[in-house]
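Participant: Protein sequences, first through last, are from chains A and B.
If you're matching positions, the first sequence starts at 1 in our numbering and goes up one per residue.
If you're matching positions, the second sequence starts at 1 in our numbering and goes up one per residue.
Be a bit skeptical, because a hint or two may be false.
[As the list claims (entries may be wrong)] Simulated DEER-style distance windows between Cβ atoms:
id, chain 1, residue 1, chain 2, residue 2, range
1, B, L45, A, G86, 49 to 57 Å
2, A, G86, B, V3, 56 to 64 Å
3, B, K180, A, D27, 25 to 33 Å
4, B, G48, A, W116, 24 to 32 Å
5, A, L165, B, Q145, 51 to 59 Å
6, A, Y23, B, L45, 41 to 49 Å
The hints are simulated quantities; they were obtained by calculation from the structure and are not laboratory data.
For each residue, glycine too, the CB sits at the ideal point set by N, CA and C.
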Amino acid sequence: MREINVREISEKVARLCVEANYYLGEDVEASYHQAAEKEESPVGKEVLKQLIDNVNLAREQQVAMCQDTGLAVVFIEVGQEVRLTGGNLKDAINDGIRRGYEEGYLRKSAVKEPIWNRVNTGDNTPGIIHYDIVEGEKIKIKVAPKGGGAENMSALKMLKPSDGLQGVIDFVVEQVENAGPNPCPPTVLGVGVGGTFEKAAFLSKKALLRPLGEPHPQPNYANLEKEILQRVNSLGIGPQGFGGRVTTLAVHVEYYPTHIASLPVAVNFNCHASRHKEAVL
Amino acid sequence: MSVKKINTPLTKEVIKDLKAGDNVLISGVIYTARDAAHKKFMELLENGESLPVDLEGQVIYYVGPTPARPHQVIGSAGPTTSGRMDAYTPQLLEAGLGACIGKGSRSREVKEALVEHGGVYMAAVGGAAALISQRIKSCEVVAYQELGPEAVRRLEVEDFPATVVNDAHGNDLYEEGKKKYAV
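Working from the sequences, and respecting the hints, build out all of it.
Facilitator: Below, the structure is given as structure tokens:
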């Protein structure tokens, strides 16, 4: 049994909230450069150039690359040989979010209640926390700040099993077409297939955490990713929707076994600022 | 790429001259407002009261900036999705608003109101928030301080970059651009 004080978790969460918002991952930045080479539209090229300048500036000046610093989505994997001390895990994570967003000059974008009381909580808590218990005596924390613009374009549908592969592809492409310029293209698409209603949505979010453009290990899923990417990049939407070839930087699909009657499919949009950082304790 | 330099408040002639696809650099005063402030504007208009700022020829920028560091004028300040303001924009155009800046597509009602009242909708590059903030030279909250990032701010901007999406003649850059590059 290894003991870990929850204060250490707070500190890590605080740091990851700030780093995810200041420093774009190298994989994502590299994809901007590739996109700029591929893009045929002059306006699209100019947009990509500005995005590259923007991430460099954010890194140098240590400021948020986007003003929408998101709701803090936290994935925490706790090894079953770990004994947590010093308080409650959920409170510790929210304390970390509170501190990170305050000390990092990040925007507080959480409201208390969705319908009758849309009042800002003032400290960006509560976070959206996903817990997992795994083998071992370590704790892995991933923080993925999620902005509203792209999240709002996300969608889920319970397809019929007879809709099959084509149904999955058509559904995702249709959502990208409907979203148009709204989710800040070029986007990253997380797609969850199978499981239940909520599992598909969860997988679509989790898919966004994969290193950008790394294909699914199974060839059939890797091909599905390729085919969706090719279809959405034929729509003509382009960077910021001004018209162009690069509407989406990457498509990541994750799947799970499902019910004999079901074929759930969920697509979670990420804007070009595909932000996430992780740490291991 | 050619760039048009414009100053605020916008005259009817300047607005008429702007065409979908034009790149513009805006200088002068612009005001920030997003969801919560728009809702409050509507309540004032419905009660026949005047708005906290005179909108004649003015520009509203849909943005909720991050908090400024001590040495900064404003934090990161890129555009938010404009579609959420669609329900309110026609009434503001009727009240004299000259232009709005955001990102993403507008409803048919907004596009029609732009033509009817002589207004223009522009997009800034969503996510280029650190870059854009460098073109903002002063920032002062002028209404609804309690809304935090959603408060109404008066910004002085210099060569603020935007692209005309919907002009006063009914053209739409998003539709035209997409058509051009669709395979």
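Participant: It remains to establish, for every hint, whether it holds in the given structure.
Facilitator: So, going through the hints one by one against the coordinates:
A C-beta distance of roughly 53 Å is found between L45 (chain B) and G86 (chain A), which places it inside the suggested range of 49 to 57 Å. Taking 56 to 64 Å as the suggested C-beta distance range, the pair G86 (chain A) and V3 (chain B) conforms, at roughly 57 Å. K180 (chain B) and D27 (chain A) have their C-beta atoms about 30 Å apart, which keeps the hinted 25 to 33 Å range intact. Between G48 (chain B) and W116 (chain A) the C-beta distance comes to about 27 Å, which sits within the given range of 24 to 32 Å.
Remark: the range hint 51 to 59 Å for L165 (chain A) to Q145 (chain B) is upheld by a beta-carbon distance near 54 Å. About 43 Å separates the C-beta atoms of Y23 (chain A) and L45 (chain B), a value consistent with the hinted range of 41 to 49 Å.
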